[in-house]
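A.B. asks: Here's the letter readout for the chains.
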Amino acid sequence: MGDEADRDDVRRVLDGDVEAFEGIVRRWQGPLVNLAWRFTRDRGRAEDLAQEAFLKIYRNLAHWRGEGVFSTWLFAVATNVYRSALRRTPLLTLPEDHTALLPAETDLERDAVARDEQAAVRRALAALPARYREALVLFYFHEMDIPAASKSLGVPEGTIKARLSRGREMLRQRLAGRVLGPATAEGR
Amino acid sequence: MRDDELDRLLAGTPLPDPGPAFTWAVMAQVRREAAAPSPIPFPWRRLALGLSLSAVLVVFGIVALAPAAGFDNPAGAVPRSLLEAAWLRPALLTTAVLFASWLSLRVTAIFSGSRA
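Chains C and G, in that order, give the protein sequences. The numbering of the first sequence is numbering that gives the first Met the number 0, which starts it at 0 and goes up by one. The numbering of the second sequence is numbering that gives the first Met the number 0, which starts it at 0 and goes up by one.
Calculated from the structure, these hints are not laboratory results. Treat the hints with caution; some may be incorrect.
Said to hold, decoys possible - To be clear about the criterion: a stretch of chain C counts as covered by chain G if any three or more of its residues have a C-beta under 8 Å from a C-beta of chain G, and this derived list gives those stretches: (1) 59 to 68; (2) 75 to 87; (3) 116 to 124; (4) 144 to 151; (5) 154 to 164.
Unchecked claim - Sample of chain C residues with no beta-carbon within 10 Å of chain G, all distances over it, derived: (6) Glu3; (7) Arg10; (8) Ala111; (9) Pro128.
Quick reminder that beta carbons are idealized off the backbone N, C-alpha and C, glycines included.
Please put together the full structure from these sequences, using the hints given.
C.D. replies: Right, here's the structure in full:
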C-alpha cells in the first residue's frame with residue numbers, strides 16, 4: 000500500500016506535478032529524521048540533514064528505476080547524504096565518563112542511570128570508526144534487519160555481519176564496567 | 000555486558016515525527032528547486048568537434064608550412080608514407096576551409112546575439 004502510494008507520487012512528480020512530492024515527504028519524514036538522529040544524536044542537525052536528503056531524493060527521482068521497493072532506494076540515498084555530511088563535519092565526541100555507575104535504589108535514580116547509560120553508549124558509539132558505527136546505526140534503525148541494513152549501506156550482508164560483530168565487541172570493551180543495565184543493577 | 004543489554008541500549012527510543020513545519024520547509028526548498036532554470040549543459044560535442052578540427056589544422060600546418068620554412072619533416076614528426084599520400088593535401092585543405100568557415104559563422108552568431 001505504502002509502496003503503491005510512493006510509486007504513484009513518483010510518477011506524478013516525474014510528470015511535472017511538484018506538489019505530489021509532499022506525499023513522499025509526509026510518509027517518510029519520520030523515518031528519515033530518525034535515521035539522521037541515529038547518526039548525529041542531535042535533533043536540529045538531524046532535521047537539517049533529512050531536508051538535505053529529501054532535496055537529493057527529489058533531484059534524483061528520475062534515477063530510481065522502479066525495480067525494488069521505493070523505501071530501499073530512499074534509505075540508500077539518505078544514508079549516503081548522512082555519511083557524506085558526517086565526513087565533512089564529524090560528530091563532536093565528548094570525553095567519556097570513567098565513573099562506574101552505582102546500582103539504582105529509586106525510580107529517580109533508575110531514570111538517572113538510564114540516561115547515563117544512553118549517554119555513555121552514545122559517546123562510545125560516536126567514538127567508533129565510521130564503518131562500524133554506520134553498520135550498527137543502520138542495523139538498529141532497520142530493527143535488526145541485516146538485508147535492509149546492507150541495502151542502505153550498499154555493502155554485502157557478510158560485510159555488515161562482520162562489521163556488526165567487530166563494532167559490538169569494540170563497544171563492549173569501551174563500556175565494560177561503566178554501564179549497568181536494569182537487570183544487572185537490580186541483581187546487585 | 001550481555002547482548003540483549005547492548006541491543007536495548009543501541010535500539011534506543013525513536014524521536015517523535017517532525018511536525019508540519021518540517022514538511023513545509025522541505026516543500027519550500029523543492030518548489031525553489033523546481034522553479035530554478037535547469038543548468039546549461041557543457042557543450043562536450045562542440046568541444047570535441049573543435050579539438051578534432053584543431054588537431055587536423057596542426058597536422059596541416061606541419062605538412063604545408065614545414066617545407067616552406069626550410070624544414071623537411073623535422074625530427075620525423077610525420078610518417079613519410081603519410082606525407083606522400085596524394086589525398087592528404089586536398090583533404091587537409093578542405094578541412095581547414097570548413098573549419099575556418101564554421102569558426103567565422105560562430106563568431107558572427109555570437110556577436111549578432113543569435114544562437115546557431
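A.B. asks: Can you tell me if the stretch 116 to 124 of chain C counts as covered by chain G, using C-beta to C-beta distances under 8 Å and a minimum of three residues?
C.D. replies: Satisfied; 4 residues make the cut.
A.B. asks: A cut-off of 10 Å on Cβ-Cβ distance, and Arg10/C was said to be off the interface with chain G. Does that hold?
C.D. replies: It holds; Arg10/C is separated from chain G by about 16 Å at its closest Cβ, greater than 10 Å.
A.B. asks: Does the no-contact call for Pro128/C survive, Cβ to all of chain G over 10 Å?
C.D. replies: holds, 16 Å
A.B. asks: When I compare C-beta atoms, does the stretch 75 to 87 of chain C have three or more residues closer than 8 Å to chain G?
C.D. replies: violated (count 0)
A.B. asks: Would you check whether the claim that Ala111/C is not at the interface survives, using Cβ distances to chain G and the 10 Å cut-off?
C.D. replies: holds, 15 Å
A.B. asks: Are three or more residues of the stretch 59 to 68 of chain C within 8 Å, CB to CB, of chain G?
C.D. replies: This one is violated; 0 residues, fewer than the three required, reach chain G with a Cβ under 8 Å.
A.B. asks: Given as covered by chain G, does the stretch 144 to 151 of chain C meet the bar of three residues or more with CB within less than 8 Å?
C.D. replies: violated (count 0)
A.B. asks: Beyond 10 Å from chain G, beta-carbon-wise, is Glu3/C?
C.D. replies: Its Cβ never comes within 10 Å of chain G, the nearest being 21 Å, so this holds.
A.B. asks: If you look at each residue in the stretch 154 to 164 of chain C, do at least three have a Cβ nearer than 8 Å to any Cβ of chain G?
C.D. replies: violated (count 0)
Hints 1, 2, 4, 5, counting from the list given before, are not met by this structure.
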